[in-house]
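In order, the protein sequences belong to chains A and B. Anchor point for the first sequence: position 164 equals 164 in the numbering used here, and the numbering is continuous, going up by one each time. The number in the numbering used here is simply the position in the second sequence, starting from 1, with 1000 added.
Hints were generated in silico from the structure; no laboratory data involved. None of these values were measured; they are calculated from a predicted model. Take these hints with a grain of salt, some might be off.
What the hints assert, rightly or not - Coverage of chain A stretches by chain B, computed from C-beta distances (three or more under 8 Å per stretch; other residues unrestricted):
| id | region |
| --- | --- |
| 1 | 262 to 276 |
| 2 | 301 to 315 |
Stated by the list, open to error - Once the Cα atoms are required to be at most 27 Å apart in a straight line, the calculated DSS-like pairs of lysine-lysine come out as:
| id | chain 1 | residue 1 | chain 2 | residue 2 |
| --- | --- | --- | --- | --- |
| 3 | B | Lys1161 | A | Lys145 |
| 4 | B | Lys1033 | A | Lys180 |
| 5 | A | Lys266 | B | Lys1180 |
| 6 | A | Lys145 | A | Lys257 |
| 7 | B | Lys1180 | A | Lys318 |
| 8 | A | Lys266 | A | Lys223 |
| 9 | A | Lys288 | B | Lys1029 |
| 10 | B | Lys1033 | A | Lys235 |
| 11 | B | Lys1206 | A | Lys288 |
| 12 | B | Lys1206 | B | Lys1217 |
| 13 | A | Lys265 | B | Lys1158 |
| 14 | A | Lys197 | A | Lys117 |
| 15 | A | Lys148 | B | Lys1217 |
| 16 | B | Lys1244 | A | Lys257 |
| 17 | B | Lys1158 | A | Lys257 |
| 18 | A | Lys137 | A | Lys266 |
Stated by the list, open to error - Far from chain A, by Cβ distances over 12 Å, these chain B residues were calculated:
| id | residue |
| --- | --- |
| 19 | Thr1004 |
| 20 | Asp1006 |
| 21 | Tyr1157 |
| 22 | Phe1165 |
Glycine residues also receive a C-beta, built at the ideal position from the N, C-alpha and C atoms.
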Amino acid sequence: MNLFGISINHRTAPVELREALYLTDEQIRNYVQKTKGSLLSEGLVISTCNRTEVYGVPANASFGILEIQNSLINHKLVSNLKPEHFQTFSSGEAIRHLFRVATGIDSLIVGDNQIFKQVKDSFSLADELKFSGFLMKRIFDAAIKTGKRAITETGISEGAVTVSYAAVQLIEKIFSNLNKKSALVIGAGETGEIAAKHLKERGIGKLAITNRTIERAEKLAEKLKAKTIPFENFKENLHEYDIVLSATSSSNYILTKEDIVSSMKKRNYNSCVFMDIAVPRDIEPSAKEINYVFYNDIDSLNIIVQQNLARRREEIPKVEKIIDEEVSSFLKWFSSLEVSPTIKTLRDYFEAIRAEEVEKNKNRFSPQDQEKLDIITKRIINKILHQPTIEIKKLSESGGDPDEVAMQINLIRELFGLENKSNKED
Amino acid sequence: MKTTIDFFNFFLPFMYLCTFGFYFYDFMKGGKKFANSKRLFLFLTLLIHLIYLILRTAEFDHPPITNVFEIFTVLAFAIAFSYFILELVTDIRGTGLFIIIISIIFQVISSFYIQDLWQVKEVLRSHLLGIHVFSALVGYSAITISAVYGLLYLILYKEIKLNKFGLIFDRLPSLEILEKLSFYSAIIGFILLTFAIIIGIIWLPKAFPKFSYADPKLIGTSLVWILYGIGISSKFLGRLQGKKVIILSIIGFVIAIMSTIVTNFLAKSFHSFY
């Protein structure tokens, strides 16, 4: 299979280079315009903040990995980018790598489920640009099937692997239905924003945001359809919230144990969750001693993250097994592409010889025997070709290395001069 | 028929153990390998148990409520059946093993000690007694389930407070759900116990010449009833919630068990038939 793949990712290059090589959709369109037809007959470009990859079938047999690599380097003009920053793959290995990417086991965060969507989007873009041909479309189907199998048949994408998401996971272990709960996010910085978004996604009933600079809180609140409360008097309203998530850059505690005791009294000691995801911490840790107060800081949330990551790593062998199965099934299909025309050409070749000889000699037979001659010679040819046909079919069904299968097919073609026959027919 | 009854009697603990095995495996492994088959196995176990109870009733010509070991097998059935309904309604499948183990305990004791009595006191063949005992038993199974969920609530509460994110944290439903399951079971238990007590007060003095209001089971059940009454009304009035209601429910369950032991094994009362 004449398929090549190049990849620059978190294992091969530092973040500065990965960022510099990142291609927006528009840049991918330009790159495809430049290379389609001239360098690659069909292909695929995947670009995320952690990886940029190009897969393709060279337009000319003399083009190889180096040409694809140079095309990307010249397109983006990133200084210090060297060939050693690339991982390169050909034929079956390129397919395997793409499947590893689609299942998330090649990601920086194992089982990252965003990459599956990104791979799908990349294929859609290639399709839109008519960059994906017969082979790429089939690869796309196989990659999507592999990704889906990994998600449904293994636990590779299960559990929270970021602190803000772990906070939400923990909250859901305390409250069953977030629709009926209210949350207050203290701090409208990046961390606060991510956490607030997670809460919104999980369907939180009421969301309020407070920040020292009220304008910032208002901006985030507008984005998330939340309300704002002035930072100066948020403590007075603390008891109204079932979930308090703090992520400010304050160097002192902004909520003391006394504040929380007073709020809990007003709440009649109904359970309340305090998530402190700020460093240094915003909430006095001894608050966890209060009954029905569930207090967690970044360290305790990290325990959940690390446990989930470890569990995902344990799932990698199961995903590898799925990838093995899907790669093997894909290669089997691909080999059958080469095998079927070979069988047909071989049979046509023998049939042509038979027909020619029968035609030449049929006058030596009586009209009654001419029909019998036709039948007998056909039968001989069928018997001669029976075993070779079975053996050639076996090559495709074994699902072995496609390069080896191609070599054996070529040998048969050379032996009977089938290449010339096919070309003549074309 | 007697041979079939004997076979079922010893086959049932095995069926419950297998069902428990499925629930245990899924709980430990966390997969959904037996998610549907464990439910199906529980259903089959319950079906066999129901047939066993019907066969006993037909063969011995009285409902299986005439002695403590017959009551234990009915209790095992009632607990597992209540859980089965709860699982179907809520689709919370991770807590089965904690409930089924209670059914196993009752069924194993029953299977070993149950006796086949053709001759029982005439009063034990009464329909009113059947209703009285049936509502009391289902009521007790509801408070057993309430206590189990209460206990699970306390364990999960502690695990979260101590930042222990192990198997219990992973597999159990949220604290709020456990609290609700415990509370709703307690309400069902309370209603059925109320019903059993009302029938008892109206009918028992007429049926039993030795009837006494100082009967240990009567005192025990009344105590349990009062305790659940206090817990439920306090929760409704918003005076108590969370751990306190749950602890009250567990105490109620312990008193109910103690009352059963005292009545049936230690004290002589009109409530003892064995």
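Hint check results:
no.: 1; hint: 262 to 276; in the structure: holds (count 4)
no.: 2; hint: 301 to 315; in the structure: holds (count 3)
no.: 3; hint: Lys1161/B x Lys145/A; in the structure: violated (42 Å)
no.: 4; hint: Lys1033/B x Lys180/A; in the structure: violated (33 Å)
no.: 5; hint: Lys266/A x Lys1180/B; in the structure: holds (23 Å)
no.: 6; hint: Lys145/A x Lys257/A; in the structure: violated (52 Å)
no.: 7; hint: Lys1180/B x Lys318/A; in the structure: violated (38 Å)
no.: 8; hint: Lys266/A x Lys223/A; in the structure: violated (31 Å)
no.: 9; hint: Lys288/A x Lys1029/B; in the structure: violated (31 Å)
no.: 10; hint: Lys1033/B x Lys235/A; in the structure: violated (48 Å)
no.: 11; hint: Lys1206/B x Lys288/A; in the structure: violated (58 Å)
no.: 12; hint: Lys1206/B x Lys1217/B; in the structure: holds (18 Å)
no.: 13; hint: Lys265/A x Lys1158/B; in the structure: holds (21 Å)
no.: 14; hint: Lys197/A x Lys117/A; in the structure: holds (19 Å)
no.: 15; hint: Lys148/A x Lys1217/B; in the structure: violated (59 Å)
no.: 16; hint: Lys1244/B x Lys257/A; in the structure: holds (22 Å)
no.: 17; hint: Lys1158/B x Lys257/A; in the structure: holds (20 Å)
no.: 18; hint: Lys137/A x Lys266/A; in the structure: violated (62 Å)
no.: 19; hint: Thr1004; in the structure: holds (43 Å)
no.: 20; hint: Asp1006; in the structure: holds (45 Å)
no.: 21; hint: Tyr1157; in the structure: violated (9 Å)
no.: 22; hint: Phe1165; in the structure: violated (5 Å)
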